[in-house]
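Visitor: Make the full structure from the sequences, and use the hints.
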Amino acid sequence: MSAIQSAFPGAVLESRVESDRRLWITVDPKRLVEITQFLRDKKDFDHYSGAAGVDRINENLFEVVEILTSHGAHQVVVLMKVKVPRDKPSVRSLTGLYWNANWYEREIWEMFGINFEGHPELYPLLLPDELVGYWPWRKDFKGYPDTTTGERAIEQVGPDGYTEFKIMPHTELIKAGVLPERPKYPTFREREEAEIKSDSEMIMHMGPQHAIVPGPFLLDLLIEGERVKKAFLDVGYIHKGIEKIMENRTYLQGIVYTDRMCYLASITNNEAYCGAVERLLGITPPERAQYIRVILAELSRIQSHLLGTGEFLTLLGAATYSPFQYMIIDREDIVYLMESITGARITHTFVRFGGVRNDLPDGFADKARPILKRMRERTEEYMDLLHSDPIYTRRMRGIGVLSPGDARRLGVSGPPLRASDTPYDMRREDPILVYPDLDFKVVTRKAGDAEARVEVRLEEILESIHIIEQCLDQIPDGPIQEKLPKKIKPEPGEAYYRVEDPRGEMGIYVVSDGSEKPYRVKVRGPVYAYMQALPPLLEGAYVADVVAIAGSMDACTSEVDR
Amino acid sequence: MYLSTIIETVSAWAAQEPKIYALAIGLIGAAIISAVINIGAMAVVWLERKFLGDIQARFGPNRVGSRWGLLQLGADAIKLFTKEDSIPRGADKPVYVWAPIIASITTMLVAAAIPFGALRIDGKDYPLVVANMDISAFYVEAALSIMTIAVFMAGFSSNNKYSMLGAFRGIARMIAYEVPMGVCVIAVALMAHSLNLVEIVESQTLWYAFAQPLGFIIFTIALVTDLGRIPFDQSEAEEEIIAGYTTEYGGIRWGLLYFQEYINMLLGSILLVLLFLGGWNGPSIPVITVLSPMVWFLMKVLIVLIFLIWVRGSLVRFRIDQVTDLGWKWMLPLSLVNLAWAAFVGLYFA
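First to last, the sequence lines map onto chains E and G. The first sequence lines up with residues 1 to 562 when you count with the numbering used here. The second sequence lines up with residues 1 to 350 when you count with the numbering used here.
Please keep in mind that the hints were generated in silico from the structure rather than gathered at the bench. The hints are all genuine.
Interface residues of chain G toward chain E, partial, derived using beta-carbon atoms under 10 Å:
hint	residue
1	56
2	58
3	161
4	239
5	315
6	317
7	319
8	321
Not the full set, but computed from the structure, chain G residues with beta-carbon under 10 Å of chain E:
hint	residue
9	52
10	57
11	168
12	231
13	233
14	241
15	312
16	318
Listed next, the stretches of chain E that the computed footprint assigns to chain G, with coverage defined by at least 3 CB atoms under 8 Å from CB atoms of chain G:
hint	region
17	206-214
18	324-330
19	382-396
20	536-546
The model shown is predicted, which means the values in this text are computed figures rather than measured ones. Yeah, the Cβ is synthetic: ideal placement off N, Cα and C, and Gly gets one too.
Guide: Take a look at the structure:
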């Protein structure tokens, strides 16, 4: 902190040291790039974790919060804010310094209309083309079509006979000639067709409905024969606007929405949101609740990894490749354990501010131990099976290699990053709950290829089992819920909280303005980062490798389009 | 015995009127064969669905036709026949329509020359074959490769990128494996001193699977490849190119293409049994002496089929370049080694 101040006198407008892991600073927009470069080169802030836009309508300002941290050199997270005026907002782009700033800045641009100077491809990412220019996440957005005028989508029959439902621009605005200024940009289709250089190349669609996609997204491959020359990714097909919805719900209601971001990681998503709100409220849950939360988080990691790996294996060898079914059967045991605690199989909504909803059922430990023991044996068997399969290793070894440097540069986290020899795990980097008391190791692999990613996942199952067994031994008796007022109204402020999702680094940034509803919630999901890294990874691969690479990333579209 | 009297009468008549005899055998045989291989292939489909179900810890068909789902395929066939017949707008119509028909014709051509077992009468085996030609092994090989043309027609005419890629993959794969497969057949013919499938079976006092194990392994792998089954089903890899060359087909046209694969699977297993596993050779079984070669034959075919299904349930798919790589760089040289081996050992046997 003081280093920044001495290096850039006058550039730091405001600063707050929350703990030894969080540093909030507000900097001069003109010197943003310089300061970031200083942090990256001199202070090892080599991980651009994300960015959030906040619309401070009362102060007539936009805030852009850049979240910077390091891949293991230190554990400080800098949340660097830039404030720009609301009319003609413009910020210098950080894409020159961090490759993965690209998508985060595009999202802020399309949602808030904050221009990023020097951004190479400022095209909409999540929004459909009709909506660009309305800046839907601004606080003064009235709905599209404007909910106050009662307009609805209009039915249109296209030239090919298909009926489309189109949302037309407001008729009043057209009449008055005050349509919002529509930014000009080439559409997705035009951009990808511009890349076709010869007759032997063609564009092949994978998605939005295709066997490899875990949810609707469009992966277009520019191929020449079987070689992929370039890949284009279009997401946003199931964008739900959860962040905006949560601004209109009370804090407690928000938990339900975090479940829906990714159905395999609902417990960790709950945890991230509740953790952030707990920081705002300044409370810590009782120890027993912390243990229950850890047990559930690890159970959800096991079941997510099992499904991810199983699903991925079916991609390699049609749906007839049998280990998938066995993994699903094993997963069923784990889901049964979770169900016995939370009462739900997928959307748990179990974590609460300052505790959990229920206590563990009677005899949970006795029920869990044999299941975990069996799970361990089975996982070892799977690892053995995959390791000894010559066709599997031929398909996977050396495919989609991410070198440690590349993996960090592309901003991936979780198993893909750890498979690239980077022991970066939120449970270590940003310890929460009772993780510091537990013994576990961060699984890494050197190779960085698709095989290593699957191996990391399978071995993490073993680590999770180890963690749960320790929790079952150590869990104390006591209350499971802090006393809280009926209406949760945190003091104005902001908090950023990170957890290790089954897929990687999940961070939630919550801004409170002192009311019952959060002022802004920003989700930094791990899959968003993978998806961004996918196109460069696919270049030069075979069509069949696309399946191996995309599958080994274990994506979840639902979370990208949260 | 009256059976032998019938045979004597028939052969006497055949000697008298060879043309009418050939015509009659051809007509009756064609009717019987189309019935047998279609019902046989349905049985194969049922077997695969049931056995794969077992491998994957699920049930397989268990509603239509008792708890074994025996009538499931009938129901599927009715469904396919009654579905709307659609042809994509941009398709090359005649080619699109003829592709499945050519595929069916191919399998019929193959089936014509294949002996479906034998009957043992007075200690002598009478093979059940329609066209017992001198070069039947070679002919079957040649007819099987016509399938490539059907695949290409289907892929090319559909006007679809996935279909096209699937057809390319199918052809690259089939060419790479027809050659070693053919060389293996030649090696067998060398040992048997004949290209006639019946004579090849009769000459197998020692199964050729033991006389030339290398050839047996190569032929089996090439056969799986030719059938387009996992791990060699790149031409219709669902996860990459939707359904490969069959993407644009629907209803009974798709049904025909799909069914050819299973007919081919049945014929391929029979071919493997005939060439390498001693065909219908086996000791006589008391009581059903007449049928004993059939019993041995069907048992072997069943074992080969189950092996093929098992492979499908337990392996992942190769990448197409790995397949052709394996074919040209390993299978072909090894099949030539096997040919040399067969030539030397064949001399010794003779």
